[in-house]
Amino acid sequence: MTAIDLLLPAEPKAPGTSHLAQAWRNATSHCIKCGFCLPVCPTYSVLGVEAASPRGRLDLMDAVAQGRLALGTVAGRVGQCLGCLACETACPAGIRYGQMFEALQCDMGTQRRGWRRWRARLLLDGVLARPRVLRAVVLALRVYQRSGLQRLLRSSGLLRLLGLAGREGRLPPLPRPLAWRAEVEFGAPPGTDATTTGGAQRAALFTGCVMDAAFGAVHAATAHVLAANGVQCALPAGQRCCGALHAHAGETASARRLARANIAAFETVGDAPVVLNSAGCGAFMKRYGTLLADDPAWAPRAAALAARVRDVSEFLAVRTLVPPTRAVALRVAYDDPCHLVHAQGISREPRDLLRAIPGLTLVELPESTWCCGSAGSYSLQHPELAGDVLARKMRHLAAARVDVVATGNPGCLLQLALGISRQGLDVDVRHPIELLAQAYP
Amino acid sequence: MSKRQILVPQLQRLLGADAVLHAEADRFVYAYDASVFRGTDVLAVVLPANTEQVAQVVRLAARHDVPIIARGAGTGINGGAVPRGDALVIEFSRMNRILAVEPDNRLAVMEPGVVNQDLKAHLSALGYGFTYVPDPGSQVVSTIGGNVGNNAGGMHCLKYGVTANHILGLQVVLADGEVVEVGGGSATRPGMDLTGLLVGSEGTLGVVTRITMRILPLPETVVTQLALFPDVSAAANAVSGIMAAGILPAALELLDRRMMALVDRFVHVGYPEHAGAALIIELDGLADGMDRELRRVAEICNAHAALEIKTAQSAAETERLWLSRRAAYGVAASFSPTVYVMDCTVPRNLLAQAIAGVIEICDARGLEVVNLAHAGDGNLHPLIPVDRANAAQAAAATEAHHEIMAMCVAMGGSITGEHGVGVEKQQELGLMYDADELAGMQAVKRALDPDGRCNPHKIFPLRGNVGDIAVGAASLDGGRLP
Amino acid sequence: MSACEVAAVVDAALGASLATGDPVALEPYRLDGVAPRALVRPQTPEHVARMLALAAERGWAVVPWGRGHGQGCGDVPRRYDVALSLRRLDAIPDLDADNLTVTAEAGISLGELTQRLGERHLVLPLALGDGERTLGGLIAANRAGCKRLLYGDPRDLLLGLRVALPNGALVRYGRKVIKNVAGYDMPKLYLGSQGLLGVVVEATFKVQPLPDREGVLIAGFSGGPDAARAAQALFRSALGPACLMLLLGRAVQSLRRYPGLDVPEGRAVLVVAFDGRSAAVQRQMADAGRVLLAQSATGVAELPALAAETAAMLEDAAHGLHPEQPRVVLRLGVLPTQVADAMAQAVGTMNVPGTSFGAVGDYSAGRIDLLLTGEPHIGWERLDGRIHELRRAMGERGGSVVLAAAPRSLKAKVGVWGDLQGAGRIMQRIKAQLDPRQVLSPGRFLPDPAEG
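Residue numbers (the numbering used here), protein chains in the order written: chain U, 31 to 471; chain A, 353 to 834; chain F, 4 to 455.
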């Protein structure tokens, strides 16, 4: 230990009991205001206002944590944050902005009262957390898409929560829920025995809520690619929504409940890696250990599960990829989901997968690590700001002259599709794994 | 009615409602910059879109006798952008257009809100083979306007000079709202070098609204080397040797043992543990004769007991070396609650002696110190990790700072090489300049800003209440300015 | 008070015999026909400061003098009591070869300074030619050397100053360090201040090791535009010339008269110089030679180095016309890309029967010195309209026209400086604050607000 380590924080500690005050106390270092986060922050780039920068928001959150400002005073500005965490990637001092931001969301969730709280809980707990209900809603949406029952669901809280309000007309045609599973053959679920046999590899697919219901094709593609690479893929029963949206909305108890369910579900497949294709879910599940850290019974189990979580690109990157043979002659731009590049530090791996596809030309998109503006329910609360952020992305996309933009997160897939339709671009939006699956006959 | 209540509606009429920030949360975050100081609440923040709007705001402020603070990205570390008293902050984030790039005249014209790095990217994308050289450590975020205000330095001052050497002309809004042009694209102008005077005046003489700068052709070859030495004094002597040999490197950066250990944890350069100091040496120019010059540099380093000399073999290696230097401040910050970044210069042949003095001063107070230096410039940056909650330690750091500055002045140097005076060194300015000398500077201030409305209570030692203002002690403690 | 009385008061106040009222001694210090009442030749910086304090007290006007080379560049003095010669202040208090700085007194001649530095293998690359000028004069006029493109202007090399302020205070700004942002950069303010804001008694500069090698190319062109195009091509390249100078008219003829110079054919000449590592200079000479020929040079001559007299002419075109002194010198400031046009326009506008012209243009500095010799049939004072016209034309391009030398009759009509606009008002305000009693050179540069 160098002498500098001895100087670690002894800042005056605030007495507060809020999540924010706790996060502030737990922080190992505090912002030095160097401003390196400013140029990477989408909202600061659009607004040019200090309070819309990560440095400004951290200062506001610190002030709330220390009791110098009221939560209500800062809620508006902090609420403009997309949560993309590009600032964490840029921070030379290693400040965990996300932890403060999440804590503030929790405190705001706790403060939410009356019907708004009820509605949030209805959607989060009543729909997302219950696969069957969610499937029913998706089924209804299918009917809606086909019969044009617009008025019925236009004001659907679910759409709002997912940031789909006003754009459900542009949703990709929804598949019949679970139809994708019929297309895929899963190996027999391995027993709880941790050992693998022979050279065969195992993995367990996390299906999630929205992905499972609306992006089944991505799951099918994932299973196809894994199979082509000799990986036996299990689909443990009892898995649920990852709980990220609940946590972001301050419904921590629900998030923890879902986490426990998922931990239990994936414990049934031993220590096989948990593979996902949704960056947001991956980022959150890798932090299950923190989420349940104060629950003595679950903390070690949570940490063990978190250590098994792999984005599909990350999972494939450490293996020698079976060379795909079928050419996919497309110009493709890859757009980094925030929850992959900033929250998980994964940016090279998906590009490597795309580069492995014969015939495919990978085009580097300027500012590919910038948020597209999806960010959960963000675009509903800040339509103009989200629109500006998206428009910036679309300018780069238009200039790139590509056939496809690839990204690995459901929110981003929807947001990019929205932007493309607004701008009238002729570009498809695909998950990278779908393109790779195409290359395996 | 408060001044805010009176001014805000008028400002909104001038600029539009969305260009005037007055809510508590919006004002709150303009109390700081990248220094350890926190200032007072501001009246409001305005985001003008052009020179005329700036002039209107300044005239309105003049009518109501309200101070104004021009602000770039808030990356200064002397507290120069920190407000003292009810002030109107002019935020330049909407004035960030590059207006002209003329390689044939080696100049570019832009608004002050352009980010240094964005300018370089823009020039690079144009493909003329020209760039703007000054590269302060904050270049990814700091604005050209801020660089001009502070006369920012960087890693390549040795050969190319500081910001002032690259600024050809300015458009300035004076304290009374008059818009004036000084200097310009032609190097031939009658009269005093007002451009040179305004650069580095920390926003106390007017508000810069347009900048004409020099751009230069990119060098044909750039070679970056890392030389390791047993101790700081060997490295510093090698620096003197290189200069004495008539070699003018583009950069000569020094890191001491502790600094190397810290940055290596983040940027894996592979600084060996047995090395006591590292020099990053960069030579640029035409390829012809470069080999001979590199050999000469190696001979000189070896004559000063160099342990190892490595030449970066790829762009990535070069980038890693520079990253290890640029990341130093942030990395140091991640190991302590606060890092007190100091900045002072000495005649360059006295660098080793100055660093030894710094270490002695800090040791005597039980303070850690990590040393970085723009060695070829004689510009030291001792970094002292401080825990502000520890009042005794904060006070010791403040005393050490004062003593280090006094030492540099006694050696014939300056209390600041590139960070400026701001609020941090107002007292220390008195170490360098006596009452007559300060009066001369104040005469210039009076000439341009007779009522003292431009970034008030900065630079000059505050008279009368030295105790209260003792910028170092009082502020490092709580970070608050009176 | 008579001249002798003034001198006696000065000697008494300074406690030394430094002043004279002898008309013969005063004669060389006339400005536009106006003679001072006393000549004071201080021996120390303190003398200078005390002299200024005395002048402030007595209400005298003081004009600082070096060797008088730049004194032509100034309006007719409004008041003129004391000529303050700094020639006795010619020491070099500090030559720090390890730090690459020199501190010298203002009265030292550049020739002597160059020699002293050369003994240490160093050079102050600001005045490579004219050894007669003083360091103080160089600062007051803010003159660039002919190799400014490589080494920079005075602003790039000046680190510190010791100045006697008009109130009699002796102050020091800047230090012998190459980076210093403590307070205002006051030394910059004194560059080009024409001695209006104080008397510089000492200055500290960055110096350079002498280059391994020099090289000079002299190219001939059929006319100014061709030469300018060639200069443009080199200016845009990464070759890094130290000097890019255009010569026209009698300047070309003068160059041809220098022994040992084989100047190629043509009405225009471009002088290109390189300094640096031997191999680099060799390569630059070869590359630049090709560029010049490709740009329609009639021929390119090579020289190993820039002779001092050539440099002197490039730095001050008046040298080139020696012994025939030019009567009028116009200094134009424009952008590099405007140099060719501005030169042509200036030559065209100022072409009057009875005179002939020479012109030297520093391409990178956008500086053109246009010299007129002879005697116009219409009389010099009748050129006022043409100068106004030229000022208007240059003003439209954002340029400037200074009447660096002219007969009093012409100066009185058009003024030396032209309209300095907003910048001039700032300079005036600074002057009013630093010299409220108008002790220094009243009327010579900026209009004096107090005296109308």
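In case anyone wonders, no lab produced these hints; they're calculated from the structure. Please read these numbers as outputs of a predicted model, since none were measured by experiment. Check before you lean on any hint, since a few could be wrong.
As the list claims (entries may be wrong) - Chain F regions said to be covered by chain A (calculated; three or more residues, Cβ under 8 angstroms): (1) 45-54; (2) 78-85; (3) 187-199; (4) 305-312; (5) 376-390; (6) 398-404.
Idealized CB from N, CA, C, for every residue including glycine.
Here is what the structure says about each hint:
Under a criterion of three residues with beta carbons nearer than 8 angstroms to beta carbons of chain A, the stated coverage of the region 45-54 of chain F fails, only 0 such residues being counted. Using a Cβ-Cβ cut-off of 8 angstroms, 0 residues of the region 78-85 of chain F lie near chain A, which falls short of the minimum of three, so the contact claim is violated. A count of 10 residues in the region 187-199 of chain F with a Cβ less than 8 angstroms from any Cβ of chain A is obtained; the coverage claim is therefore met, three being the minimum. Remark: the region 305-312 of chain F is not confirmed as covered by chain A, as 0 of its residues place a Cβ nearer than 8 angstroms to a Cβ of that chain, below the required three.
With a threshold of 8 angstroms between beta carbons, the proposed coverage of the region 376-390 of chain F by chain A is violated, since 0 of its residues qualify and at least three are required. Three residues within the 8 angstroms Cβ limit are the bar, and the region 398-404 of chain F against chain A gives 3, so the coverage statement holds.
Violated hints for the displayed structure, listed by number in ascending order: 1, 2, 4, 5.
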